[in-house]
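Trainee: What follows is the residue order along each chain.
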Amino acid sequence: MTTVPPVSGLDASQPLALRRALSAYVSAVAEICPAVPRGVLDIWTLGPVDSLAISELLTSLQRPVAVFDVGTFVGGSAFAFACHPAVTHVISIDPNPLIADEINDKREMLQTSVDPDDDSNLRVQDVAARALSRFPDVAARIELRRGHLGAPSDLPSTEDTEAVPLPPAEGDGAQLVVFVDGGHSADAVHADLRAAFSQRPDALAVLDDCRYAWGPFVQAGVARFLDEHSGEEGGYRFHLLTDLVPALGRANLGVVYPAGDDRVEESLQVFARRFSGRMDLLRLLEREDELVHLQSDTFGRLQAALERAQRLSEERDELAGQLEQMAEAAGLAHERVLDLEQSTSWRLTAPLRRLHG
Amino acid sequence: MSDLACSRPSAEIPAQDKQDGVTIFIPNWNHHSFLAGSIASAREAIWAMASAGYPAEVIVADDASRDGSQRLLRSIAAHVGENSFGVVLLPANLGLTGVRNLGLRLARYRAVLFLDADNQLVPAGLPVLYRALTATGAALAYGNLIDMEGNTVVGLRSNEMAMLSLTVDNYIDALALVDAVQALEIGGYVSDRSLDYWADWEFVLHLIAEERDLVFVPVVAGRYRRVPLSMISDSAPRQRSDLNRIRRIFSQTGTLEWDARRVGRIYHPTVGYLDEEW
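Chains A and P, in that order, give the protein sequences.
Take the first sequence: its letters are residues 1 to 357, numbered as in this note's numbering.
Take the second sequence: its letters are residues 358 to 635, numbered as in this note's numbering.
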């Protein structure tokens, strides 16, 4: 008897598994830090499309990945990266403000605030550490460090943070992914990119919030960075993931990498191929147009063929008529020949015909 | 990397942690052409559930299709981008019953509706089936199906007659609402892949043998697509040869328990039981 192999735990690179795991993680954070509304936690954690995009991007790199996560907040993105089987290690940095300072700084945008005197007003990385302790297998791959990459924070509880260096290249072929999700001003994004690529020119920067509310600011920082290096050989490239893959219509992420980095280019092509081109509206319209033309062309050829068939049919009928007439004439001639051969005069004159050979 | 994957958080939800609500589970194997229709109907059904005040989700599990389904599903997941919609892309083929059992384990909600990828749900029917399942405590609730050929309705498949003949032949399509807790208690669908063709019936017979309740709900639950090359239509000779194996499991004496007998009840949530207790 054949038995079904057990599927004890789905690979966390599976979209559903990663989403479920992230949801469980955010629930843990919500329990640890009830002062923060669940809605804020959900908004500031990778959404379903972005977590799918990150998971597929990591898979497409097709090599081990080390992650430098800029902006821990409560650890959602670090957790998501660490869940992926390709990721060997995550260093997650944050100036580590108090939760209330972080949230209240954006109270107008979030339309909510946190009471600074609430017992659960911890520092963000303390919340992350507590939540991660509930997922020891994942936490084992995450290192939380206080500090910044290129842009210090100006939040009240983040004085004296120091720049955290990127890990050096190990020579093991691993890809360093720098997840840029710290300060979202153009200055902060620019500073983080500059710090990242000055230390590790081989890095792949993945940027959060490249679209929607923060999009103009983040993209302004990226543009300044690209401008700054435009005179150099190759320079850097920026893509919104949704430009690479129209099927990722709602993805909020972008990537920056050195122009001419063939490994990254190839990985991005693999990434794009993992999604269906059939979801691209422009492609669908083009395909529809193509099918309409094909149908018109086929219809035209069918019409021409039908007309030719009609002509041939008429020609055949005419020839058949002629054939019938000729057959009739031949029949009459044959009868006349027979009559002649049967006639008395024909038989009487037979010896004469033999004499004349 | 596969060894690391085993230690990552699982997406499976243990029976005791399943919440009230419905998981629509769509197993797919090479039904690329039909996926959009089945998923759209499932999403409409979860909106119908939400309107009725019940939570629901859709999970599509692709069983290592070879027809491009996985790329399409990644793209659909990216477009939908809701927590109530998830996809599972299996790297190796588990077979229909294996995938359905996976669905029972993955389901966030206790009631699981199995929707074959080439069929479609009638959204308004789902809340009614769900209310019937929860009110009766049945292990399985099923309704009527509209038979389709292409986009043309070719018949109504009333399952009411199945009440009297379930033990004689296979009258219930897999498009039914199953209590995942009870299903897992009895071991889910048969794990013998050679019985895939009879899996729906075997599951129902197993529920009957385990004295679980079945309830027929007089409501249109879905649209059943007659596909020329479907597994059922493609396998008639094999079905006949496997029939004896099913009988050996459930009717070894060939008499009493195999005789036609009435199983299940008829129930509609706004009316109550529609048949006499027996």
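Bear in mind the hints are in silico, worked out from the structure with no lab data behind them.
The beta-carbon is built from N, C-alpha and C at its ideal position, and this holds for glycine as well.
Mixed in with the good hints, there may be bad ones.
From the structure, some residues in chain A lie toward chain P, with a derived Cβ separation under 10 Å [claimed, not checked]:
#1 14
#2 20
#3 23
#4 49
#5 248
#6 278
#7 329
Simulated restraints, written as ranges between beta carbons of each label pair [claimed, not checked]:
#8 307(A) - 515(P): 48 to 56 Å
#9 34(A) - 448(P): 54 to 62 Å
#10 202(A) - 387(P): 38 to 46 Å
#11 513(P) - 269(A): 23 to 31 Å
Trainee: Failing hints, ascending?
Mentor: Violated hints (numbers, rising): 7, 9 and 11; every other hint is consistent with the structure.
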